[in-house]
Amino acid sequence: MSVPLNILDLVPIREGSTASEAIDTSMQAARLADELGYSRLWFAEHHNTMGLAASATALLISQAASVTEKIRVGSGGVMLPNHAPLMVAEQYGTLANIHGDRIDLGLGRAPGTDGMTAQALSRSSAEPQSFAQNIYDMQGWFSSEGKAHTMPIESAVSVGTEVPIWVLGSTTNGAAIAGQLGLPFSLASHFAPDQIDAAIRVYRESFTTEAPTAQIDKPYVMAGINVLVAETDEEAEREFTTVKQMFADIGRGRRRHLQPPVDPSELAGGGESPMLRISAVGSPETATRQLSEFVERTGADELITVTYAYEPATAERSLKLLADAWF
Numbered sequence: 002m003s004v005p006l007n008i009l010d011l012v013p014i015r016e017g018s019t020a021s022e023a024i025d026t027s028m029q030a031a032r033l034a035d036e037l038g039y040s041r042l043w044f045a046e047h048h049n050t051m052g053l054a055a056s057a058t059a060l061l062i063s064q065a066a067s068v069t070e071k072i073r074v075g076s077g078g079v080m081l082p083n084h085a086p087l088m089v090a091e092q093y094g095t096l097a098n099i100h101g102d103r104i105d106l107g108l109g110r111a112p113g114t115d116g117m118t119a120q121a122l123s124r125s126s127a128e129p130q131s132f133a134q135n136i137y138d139m140q141g142w143f144s145s146e147g148k149a150h151t152m153p154i155e156s157a158v159s160v161g162t163e164v165p166i167w168v169l170g171s172t173t174n175g176a177a178i179a180g181q182l183g184l185p186f187s188l189a190s191h192f193a194p195d196q197i198d199a200a201i202r203v204y205r206e207s208f209t210t211e212a213p214t215a216q217i218d219k220p221y222v223m224a225g226i227n228v229l230v231a232e233t234d235e236e237a238e239r240e241f242t243t244v245k246q247m248f249a250d251i252g253r254g255r256r257r258h259l260q261p262p263v264d265p266s267e268l269a270g271g272g273e274s275p276m277l278r279i280s281a282v283g284s285p286e287t288a289t290r291q292l293s294e295f296v297e298r299t300g301a302d303e304l305i306t307v308t309y310a311y312e313p314a315t316a317e318r319s320l321k322l323l324a325d326a327w328f
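Residue numbering for the sequence shown follows the working numbering, beginning at 2 and increasing consecutively.
No lab work stands behind these hints, which were simulated from the structure alone.
In this text the structure is predicted, and so the values were computed from the model without any measurement.
What follows is a list of derived Cβ distance ranges for each label pair:
hint	residue 1	residue 2	range
1	Q130	E235	46 to 54 Å
2	G300	E22	33 to 41 Å
3	R290	A215	33 to 41 Å
The beta carbon of each residue, even a glycine, is placed where N, CA and C say it ideally should be.
Make the full structure from the sequences, and use the hints.
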């Protein structure tokens, strides 16, 4: 079952490298993804995470859009309580004015960081009612009137851009919010697999076109999955140990850059993490079978893939092998 394939980039910084080099690597991958036929390229938002350079999401989007031609570029996502909604509307309206109808705005409620850093970001309320009102106002700023729905404030730079909004989530709570708002839902199943089936069911059951924020006429789901494709299953499993080390570090509170792959036998317990259950790792045949099974299970309308690899060439090869097998 073939559905559109997308990419979520957290701009990982590998051991011995710098944030500048990581950003350059991501832009090279953006060019390749554009050429290969991937549908969307989204950038995440993380703070106080030394191994990831995806923090100033709008700037990464602008740079990626400037080096590509067809692929949609967006946020996966903007953690809205970390930002003033008007500023987000102005930023993404500006992006749409510069790059045309290629910009997506994925919005989440999570902090994307720890509590202390959230305070440093002057984080505001993440309550569903506040989140919904902020989305409603942002849609007003993106509309042909360019005016918020709940306050007499206008935005000249976002008016008429009609930037499409997605709701991001990893639980049934986030799914219910997306459905009640009548918006497409992007499920973070690549790191939060526990509530996949329940979240999708809740989203579809709660979906309504009656909400003033409704943007689509039926439920629409994009689900996340970790992907590493190589020539053989064995090679892919070895390269995937970079990801396993990363998630083991998260579990131990260890702050490191992306580590080079090792033999799987060197990892304690095989390096298995419950957070990585939703993964497609192997040869093109193996990985596409796993992706198809995931689509069959979830009924997802699109997939968004996450690939961590120590060597940029490994990640680019994975992108190409998957594209050749899937498209």
